[in-house]
Amino acid sequence: MDNTTTTTGPVEVLDANEAAETLTDANYPDESEGLSPGAKVGIGLGATAALGLAGFGLYKLGQRNGWWTPVSPIVIDDETTPSDGGSTPKAPSKPKASGRASGKPPNISLDPAGYNTILWPRSAPVRMAMLSQGYKVEVNEDALSSKDNPHPQVTRFQRDWNDVIRGLDKKQVRLPSDVKKSSLLRHYRGILQVDGIAGKNTLNALEVVLSNYTDNAIRWSSLTEQT
Amino acid sequence: MTPQQKLRELGYTTAPAGVADFQRDFNLLGSKPVLVTSELDVDTLNAITLAFESRVAFKALRERKRGGHA
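One line per chain: the protein sequences are B and U, in this order. Numbered as in our numbering, the first sequence ends at 748 without a single skipped number. Numbered as in our numbering, the second sequence ends at 87 without a single skipped number.
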């Protein structure tokens with residue numbers, strides 16, 4: 522086939538070289554020349570919106586795949602169904618209107634990381650706190666758990682927490698009333714996913730237990746014994 | 018913050034007796050024990066760092082082990 526234009530009826534077919542040349546910037550007509558300023562602004566806004574949407578899509582994809590998540594020694598919980606052993610990711614649920622057994626344990630530190638990074642900078646303080654509340658873990662620098670390696674004592678704590686919170690709703694568990702910081706009592710709320718992973722929700726629950734222990738002298742075992 | 022300041026923050030004096038008290042308490046935690054030397058040796062300095070970093074939990078655990086309100 523030579524480099525000539527072939528005409529087949531009403532449709533003109535160009536060969537590859539000619540087509541490429543036809544679409545170069547030099548030969549491509551400036552479409553905006555014939556447009557009004559309003560139309561040009563519209564095209565610009567449309568292009569910006571498309572770029573923004575594409576960028577947002579890329580961000581959400583990265584968020585889902587953990588591209589933007591900083592490396593941390595503390596495992597972060599997935600947004601999962603707050604039921605025992607649930608593992609299906611889902612959007613964060615709205616807490617129900619009443620009762621303690623709804624939503625997740627509060628992040629009382631208000632740390633933007635979602636858990637108290639001052640209190641739990643590494644695994645050792647978590648281990649020490651677990652041990653102080655009667656959970657048999659060794660105190661060392663090893664990660665307490667990971668997604669592939671849940672810890673049975675963390676599972677036990679998560680179950681205990683859920684039992685206590687549900688027990689409070691059922692009036693089966695009672696908190697002491699004569700405490701130094703009664704405002705800390707309202708933090709006993711939220712349900713944990715029982716997965717054996719010391720993620721941010723579990724750390725927040727542990728902080729509630731620890732703060733009520735140090736400030737209000739509430740033994741965690743005194744609550745779990747009531748369930 | 019110096020190790021001495023951390024030790025004081027944890028509730029001990031920096032005198033040899035205070036260091037020994039810390040070493041004994043640290044050994045109650047079930048962590049890798051340190052020798053009770055009454056001195057700020059390398060192992061004790063590491064233990065102080067760990068305990069200070071975990072100070073809220075450390076104090077709670079110490080209370081529990083000492084038979085406090087836990």
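Any given hint could be a false lead.
Said to hold, decoys possible - With a cut-off of at most 30 Å between alpha-carbon atoms, the simulated DSSO-like pairs for lysine-lysine come out as follows:
#, chain 1, residue 1, chain 2, residue 2
1, U, K23, B, K692
2, B, K702, U, K49
3, B, K668, U, K49
4, B, K657, U, K82
5, B, K702, U, K76
6, U, K23, B, K657
7, U, K49, B, K657
8, U, K23, B, K701
9, U, K49, U, K23
10, B, K701, U, K82
11, U, K76, B, K657
12, U, K76, B, K701
Simulated from the structure, these hints should not be mistaken for laboratory data.
Here is how each hint holds up against the structure:
Distance check on the hinted pair: U:K23 and B:K692 sit about 43 Å apart at the alpha-carbon level, beyond 30 Å; violated. With a C-alpha separation of about 35 Å, the suggested pair B:K702 and U:K49 falls outside the 30 Å cut-off, and the hint is violated. The suggested pairing of B:K668 with U:K49 holds, with an alpha-carbon distance near 26 Å, which does not exceed 30 Å. About 13 Å separates the Cα atoms of B:K657 and U:K82, which keeps this hinted pair within 30 Å; it holds.
Only pairs whose Cα atoms come within 30 Å are accepted, and B:K702 paired with U:K76 is accepted, the gap being roughly 18 Å. A hinted pair counts as satisfied when its Cα atoms are at most 30 Å apart, and U:K23 with B:K657 qualifies at roughly 27 Å. A C-alpha spacing of about 15 Å is found between U:K49 and B:K657, which places the hinted pair at or below 30 Å, so the restraint holds. Restraint check: the Cα-Cα separation between U:K23 and B:K701 comes to about 27 Å, which is no more than 30 Å; the hinted pair holds.
Note on U:K49 and U:K23: the hinted pairing holds, with a Cα-Cα distance of about 20 Å set against a maximum of 30 Å. A distance of roughly 23 Å separates the Cα atoms of B:K701 and U:K82; the hinted pair therefore holds under the 30 Å criterion. For a cut-off of 30 Å, the pair hint linking U:K76 to B:K657 stands: about 17 Å separates their Cα positions. A threshold of 30 Å between alpha carbons decides the hint, and for U:K76 with B:K701 the separation of about 18 Å falls inside it, so the pair holds.
Consistency with the previously given hints fails for numbers 1, 2, ordered from lowest to highest.
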